[in-house]
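Protein chains: 2
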Amino acid sequence: MKAVVTVMPKQEVLDPQGKAIQRAAGALGHAGVQDVRQGKRFEITLDAADREKAEALLDELAEKLLSNPVIEDFQVESIEA
Amino acid sequence: MKAVVTVMPKQEVLDPQGKAIQRAAGALGHAGVQDVRQGKRFEITLDAADREKAEALLDELAEKLLSNPVIEDFQVESIEA
Numbered sequence: 001m002k003a004v005v006t007v008m009p010k011q012e013v014l015d016p017q018g019k020a021i022q023r024a025a026g027a028l029g030h031a032g033v034q035d036v037r038q039g040k041r042f043e044i045t046l047d048a049a050d051r052e053k054a055e056a057l058l059d060e061l062a063e064k065l066l067s068n069p070v071i072e073d074f075q076v077e078s079i080e081a
Numbered sequence: 001m002k003a004v005v006t007v008m009p010k011q012e013v014l015d016p017q018g019k020a021i022q023r024a025a026g027a028l029g030h031a032g033v034q035d036v037r038q039g040k041r042f043e044i045t046l047d048a049a050d051r052e053k054a055e056a057l058l059d060e061l062a063e064k065l066l067s068n069p070v071i072e073d074f075q076v077e078s079i080e081a
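Chains P and R are the protein sequences, given in the same order. All letters in the first sequence, in the order written, are residues 1 to 81 by my numbering. All letters in the second sequence, in the order written, are residues 1 to 81 by my numbering.
In short, the hints are calculated from the structure, not lab data. Please note: incorrect hints may appear among the correct ones.
It does not matter which identical chain is meant; a pair holds if it fits inside one copy or across any two.
[Claimed, not checked] Below, computed lysine-lysine pairings styled on DSS-like, alpha-carbon distance capped at 27 angstroms: (1) LYS53 x LYS40; (2) LYS64 x LYS10; (3) LYS19 x LYS2.
Taking the hints into account, I'd like the entire structure generated from these sequences.
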């Protein structure tokens with residue numbers, strides 16, 4: 001199975017990387033770029049008996065390995081057979 | 001408008017962060033995790049006259065600011081009014 005998990009900084013957390021990109025866009029002449037938030041995207045290939053087991057595994061991975069739950073939110077975006 | 005741009009390492013590029021996560025998953029008892037690739041995800045809020053202008057702006061941003069075209073591929077995943 002192939003899955004995609006995304007991890008983004010929580011709304012209340014400052015994102016200096018995103019801010020730097022937004023400023024750089026302004027310097028390139030793109031003042032229309034109002035906000036940039038940078039997060040992570042994981043493409044995961046896994047073996048699981050069924051979709052439910054894959055979801056449980058991905059939730060555990062996302063919580064323990066892929067994100068820092070104090071400052072980031074994760075989402076299992078897709079699971080494909 | 002709100003847009004999502006994703007940036008992933010090219011297939012032929014090694015991804016040591018992804019590899020480290022895959023090994024850590026194995027150490028947690030999840031041998032079923034066969035491959036992990038780590039990339040970036042950007043949520044961008046922008047002002048553009050229409051969808052076509054937004055696409056052109058996002059392509060330029062992705063190429064110049066969000067990715068390294070030598071080792072990464074980018075994709076404009078979605079644009080919402």
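Here's how the hints hold up against the structure:
Taking the closest pair of Cα atoms, LYS53 and LYS40 come within 27 angstroms of each other both inside a single copy (23 angstroms) and across two copies (26 angstroms). Both within a single protomer and between protomers do LYS64 and LYS10 lie at most 27 angstroms apart by alpha-carbon distance, with minima of 17 angstroms and 26 angstroms respectively. In this homomeric assembly, LYS19 and LYS2 come within 27 angstroms of each other (Cα to Cα) only across copies, at 16 angstroms, whereas the closest approach inside a single copy is 32 angstroms.
When each numbered hint is compared with the structure, no violation occurs for any of them.
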